[in-house]
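Residue numbers (full-length UniProt numbering), protein chains in the order written: chain G, 1 to 665; chain U, 1 to 185; chain C, 1 to 355.
Please note that a few of the clues may not be correct.
Computed Cβ-Cβ distance ranges for the label pairs, DEER-style [as the list claims (entries may be wrong)]:
id	chain 1	residue 1	chain 2	residue 2	range
1	U	G76	G	G262	51 to 57 Å
2	U	G66	G	E460	57 to 63 Å
3	C	G249	U	P167	50 to 56 Å
4	U	L86	C	F118	24 to 30 Å
5	G	R263	U	L86	46 to 52 Å
6	C	L155	G	P239	41 to 47 Å
What the simulated footprint calls covered on chain G by chain U, stretch by stretch (three residues with Cβ under 8 Å from a Cβ of chain U suffice, anywhere in the stretch; the number is not a length) [as the list claims (entries may be wrong)]:
id	stretch
7	100-111
8	448-458
It should be emphasised that the hints constitute simulated quantities derived from the structure, not laboratory data. None of the values given here were measured: they were computed from a predicted structure. For each residue, glycine too, the CB sits at the ideal point set by N, CA and C.
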Amino acid sequence: MQNLLEQIQAAQLWDFPGGIHPPTRKALTSKKSIAKLALADRLYIPLRQHIGVAGQCLVKKGDFVLKGQALSLADSSMSIPVHAPTSGLILAVEDHTSPHPSALPEPTIVLEPDGLDEWREREPLDHLTCSLPQLLERIQESGIAGMGGAGFPTHLKSAIKQEVECLIINGVECEPYISADDALMQEEATTIVKGIDILCQLLNPKIVLIGIEDDKPDAIAAMQAACKQRDHYFIRVIPTKYPSGGEKQLIQVLTNKEVPAGRRPIDIGMVMFNIGTSFAIAQAVLDDIPLISRIVTVAGDTLTQAQNMLVPIGTPVSALLNACGFQPQAQQRVIMGGPMMGFTLPDLSVPVIKTTNCILAPTYQELPPARQEMDCIRCTACADACPASLLPQQLLWYSKAKDSAKLEEYNLFDCIECGACAYVCPSEIPLVQYYRVAKADSRQQQREALQAEQAKARFEARKARLEAEKQERQQRHEQLAEERAAKQASGSSDAVAEALARVKAKQQDAPTDRETIKAERERLKQQARAKQAAQTDMPPDGEAKSPIASEVSTAKEPADPRKAAIAAAIARAKAKKDAQSATTSDEVVSSTPAEPADPRKAAIAAAIARAKAKKDAQAAAPDEAVSSTSAEQTETPEPTDPRKAAIAAAIARAKAKKQKDTETK
Amino acid sequence: MMVIIALLALGALALIFGAILGYASIRFRVESDPLVEQIDDILPQTQCGQCGYPGCRPYAEAIANGDAINKCPPGGDTAIRKLADLMGVEAKPLDAAQQESEKKVAYIREDECIGCTKCIQACPVDAIVGATRQMHTVIVDECTGCDLCVDPCPVDCIDMLPIPETPERWKWDLDRIPVRVVGAD
Amino acid sequence: MSFRIASSPHQHSQKTTSQLMLWVAGAALPAIAVQSYLFGYGVLIQLMLAISTAWACEALILAMRQKTILPRLRDHSALVTGLLLAVSIPPYAPWWLIIIGTAFAIIMVKQLYGGLGFNIFNPAMAAYVLLLIAFPVQMTQWLPPTTLQTYDLSLLDAVCAVFTQYSCQGYSIQQLQMGIDGMTMATPLDTARTDLTMGLTLPESFEKPIFSQGAGSGWLWLNVAWLLGGLVLIQQRVIQWRIPLSVLGSLALCSLIAWSINPDIHLSPIFQLFSGASMLAAFFIATDPVSASTTLKGRIYYGILIGVLVFCIRTYGGYPDAFAFAVLLANMAVPLIDYYTRPRTYGHKVKKGLL
């Protein structure tokens with residue numbers, strides 16, 4: 001029998017179960033050369049464009065940035081930075097509709113291009129001479145995430161320590177309409193191959209398989225020409241079938257192996273990268289161009305000129321569509337991604353990000369919207385189309401019943417949401433939507449179960465602690481009672497004398513005590529001063545908070561959000577205390593009314609408190625309360641010391657509340 | 001005579017079967033959680049006391065002793081359904097007074113906190129950190145949203161806020177996406 | 001301008017449920033034509049009664065369940081149910097028989113289980129069994145094929161026969177059943193089984209005119225027509241080959257074994273396959289997606305079960321044809337079959353093998 005590796009080398013291909021053959025409609029865009037899109041008026045750059053954690057924003061409103069300058073800092077391994085796609089002015093860092101199916105607002109940097117397109121300094125590397133950590137660092141710093149759609153940080157994937165049998169480059173691009181990778185392969189095959197060279201250097205695979213669907217003859221030819229000198233690179237032309245571009249499906253087609261459920265491809269010795277990703281790696285390493293633009297297929301019959309475009313990241317979708325002659329219909333659908341897995345956009349200011357490969361604006365005739373959902377007739381066309389060999393009709397049934405145990409039994413989480421089932425469903429049931437909701441529910445349930453478990457543990461721990469404290473108290477009481485009893489038994493006359501003696505002794509001790517306390521206080525004060533001196537360059541109040549907070553949180557493993565939250569809170573408290581001690585010591589030292597921002601804030605707080613107290617009082621007791629509280633208010637002196645003011649306000653609030661309570665009673 | 005034989009035969013049979021059953025019940029015993037444990041596992045462990053019991057476990061014990069299963073607002077319909085399954089009773093809707101609401105967590109407006117520690121004492125899951133005359137804060141991930149800390153606060157600086165929705169937690173509710181309507185151009 | 005939010009996929013194949021159902025109805029046309037030619041206009045009258053009853057019942061129950069009526073009627077599943085029941089019963093059965101049957105199929109078997117997609121039994125077959133047990137006489141009064149009939153029946157005669165059980169000349173159904181040999185005729189399967197119980201061997205029985213063409217005069221052609229329709233359905237990917245093939249294969253195999261042991265008391269495989277409702281059931285009834293098994297392997301087991309059951313009931317049971325019983329019994333086994341034939345999900349229980 002032939003060894004599997006030999007079979008693979010002998011160009012044998014396999015098949016995966018299911019799959020569909022939707023009309024591809026790629027010819028409209030794949031034959032044209034890539035157009036370059038002019039800069040838009042505004043670029044919206046979301047801080048997070050990948051799977052993982054957003055980097056820390058480095059710019060603020062009014063900053064001027066150069067092209068390629070990092071706008072955020074990757075402060076953990078799961079985060080990657082974003083870069084300025086062109087030079088210009090930062091208008092804001094604010095929440096903006098995210099390029100996500102939910103369209104929930106996410107923190108976004110708004111950049112106004114200055115039109116000069118001025119580069120920062122660049123330092124190209126020679127990948128043959130530099131070290132692997134250097135390469136990985138460059139990849140992370142260039143903000144490269146998987147460009148096939150998932151957006152997994154590339155530096156993590158390429159830093160794998162396990163032995164890699166097979167590096168797979170995914171040029172399949174199986175979704176209809178999309179031809180971005182096709183166009184890239186046609187025009188930039190040599191750069192792509194250089195990127196693959198760098199990946200080989202990082203991963204050291206035995207063979208490299210480049211999978212391309214057979215409906216892209218030009219791309220295949222270009223890649224074959226570019227790979228000519230490399231004899232362990234194999235171009236594999238695979239039959240067109242959706243979804244052969246899925247990671248798991250492509251592995252199955254090329255190597256006849258399955259990624260075990262819940263594991264990653266590397267566990268069977270495979271790593272897969274997208275064509276676009278390898279291009280981005282080559283650019284980042286060889287030319288020091290971070291990931292600031294990408295190829296996007298703009299297609300659909302509402303456009304007069306469908307084409308592939310090189311688009312700066314952050315360009316709003318409206319700019320792309322308008323450049324292609326967009327003539328929208330009523331109730332137009334604009335889809336980000338392909339027709340099978342893409343999502344519709346609620347408005348066109350959503351930007352193109354690193355994972356956006358297609359913008360689709362179809363007419364109704366072209367892609368008729370789903371009609372009324374009918375009953376499932378259990379025809380199992382969906383099961384026949386499922387590439388993961390699931391039973392979609394059973395999953396639908398259990399999704400509707402919200403039976404999470406059964407859903408797990410029928411492997412809902414192995415669904416890759418490719419949409420083949422919903423495509424073939426004669427009853428036009430939006431199956432994938434049901435699964436997504438079921439998955440989200442299931443995740444939520446898991447989270448809640450975990451939380452409940454923790455809450456229970458904490459509740460029990462608290463109960464035990466309270467119980468222990470109570471027992472301790474009781475023990476002490478008993479002990480004291482015993483002692484007292486013993487003393488009484490030994491002779492009650494001594495007791496008075498003893499007490500007197502104790503008092504005397506205390507009086508004698510007292511002065512020394514007081515002195516030590518004084519000394520201690522002095523020492524603390526000095527410490528505080530020293531600390532203040534160390535932080536003189538920091539602004540006194542609110543602004544001091546965030547840097548300290550971030551300092552603390554970065555120092556303390558931000559991986560655990562809970563810890564980070566506590567740390568942040570501690571930092572906030574510290575900052576506040578520092579600020580307050582700063583103002584008080586200021587007063588002590590100079591006694592001039594320096595009056596920093598703090599008292600004003602305190603005054604505002606007091607005013608709010610007053611207003612609140614008044615309102616509460618009015619609500620509770622129209623007559624009496626007003627008089628009493630107003631008397632109280634007039635008595636309160638104008639707050640100069642912020643702490644005093646805050647306390648006064650708090651007292652006022654407390655009083656008002658109490659009054660209200662008594663009133664209601 | 002016949003009667004005696006019949007009685008003896010039946011008695012012997014009864015003895016034999018009784019012995020077999022008794023042996024089987026020991027030999028094939030199924031170890032299962034006591035009922036209270038199973039009920040407690042279904043309850044959401046918010047320890048909020050909205051059921052009228054001081055915590056989830058006391059309520060679990062009460063249910064095991066025959067209390068109604070519909071007194072737990074944080075658990076909602078899901079918990080009621082599971083409890084009904086477990087107890088073999090009809091699932092009832094939530095008590096009219098206790099409507100299920102959006103899950104919220106407590107936030108302390110830190111500028112206004114006076115450090116009285118009252119909320120810390122009230123919190124059933126130790127999710128508030130702070131000390132006397134120091135600012136307090138809520139560990140959001142540990143907060144069960146029971147709102148037991150809100151009332152004791154003398155300065156009303158605790159808010160119950162809904163957990164903000166993030167793309168990760170989003171539940172694919174496509175109907176709720178706000179579509180921006182732009183004038184026809 | 002506003003935008004429309006929709007969930008992916010945004011592309012659909014254009015094959016809909018109602019189209020599938022229409023294909024099934026269309027593929028039945030040649031067989032209906034043959035049946036009408038063989039047995040007269042009664043077939044068409046029954047069809048009309050059945051389909052209109054089916055529609056009426058469906059609409060009624062949908063209205064009572066407060067569901068949208070028109071879109072659900074347009075899925076044409078009621079049409080197919082009525083059609084299949086109408087072609088299964090004797091063409092000159094009294095009119096109320098088909099109405100009771102169809103109403104039972106739609107209301108009790110389909111809608112009360114939750115409507116299309118939720119019924120565990122095949123509605124047409126469940127109704128057929130109900131009628132067969134409740135009205136055995138009416139359900140067995142098959143006339144001989146027209147070529148063997150003593151009397152010719154006009155359209156008017158057919159209407160009279162269905163609605164009054166007497167032709168216009170006043171012949172009763174029993175008289176009409178009389179063949180040219182002066183004997184009351186039944187279906188070939190029925191005749192064969194009656195003769196066996198009377199002590200005749202099959203070769204002796206086959207002397208009778210009803211067996212003139214191999215598998216029984218006329219019935220052969222009817223089954224060929226159903227076969228053709230079924231092949232069209234397979235070619236159009238409306239049904240899959242698994243169920244028909246395993247039904248017919250297992251039936252043929254069982255009868256082949258029995259026949260080669262003793263041809264005197266067992267029917268030949270050809271006779272089994274081309275008589276009674278064999279082809280109709282294999283291609284149009286057993287393949288009903290709602291009540292059939294849903295897994296690839298399960299469908300084969302399901303088909304085999306039906307085939308074996310049919311053979312057993314035809315050979316050892318009390319009824320001449322057995323498809324209705326076999327299909328219902330197999331329907332009952334479907335959840336079990338489905339559960340144990342679930343396909344292996346990608347990435348689960350992968351065999352270990354190194355590259």
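How the hints compare with the structure:
no., hint, verdict
1, U/G76 <-> G/G262: 51 to 57 Å, "violated (30 Å)"
2, U/G66 <-> G/E460: 57 to 63 Å, "violated (25 Å)"
3, C/G249 <-> U/P167: 50 to 56 Å, "holds (53 Å)"
4, U/L86 <-> C/F118: 24 to 30 Å, "holds (28 Å)"
5, G/R263 <-> U/L86: 46 to 52 Å, "violated (35 Å)"
6, C/L155 <-> G/P239: 41 to 47 Å, "violated (56 Å)"
7, 100-111, "holds (count 6)"
8, 448-458, "holds (count 8)"
Consistency note: the structure conflicts with the earlier hints numbered 1, 2, 5 and 6.
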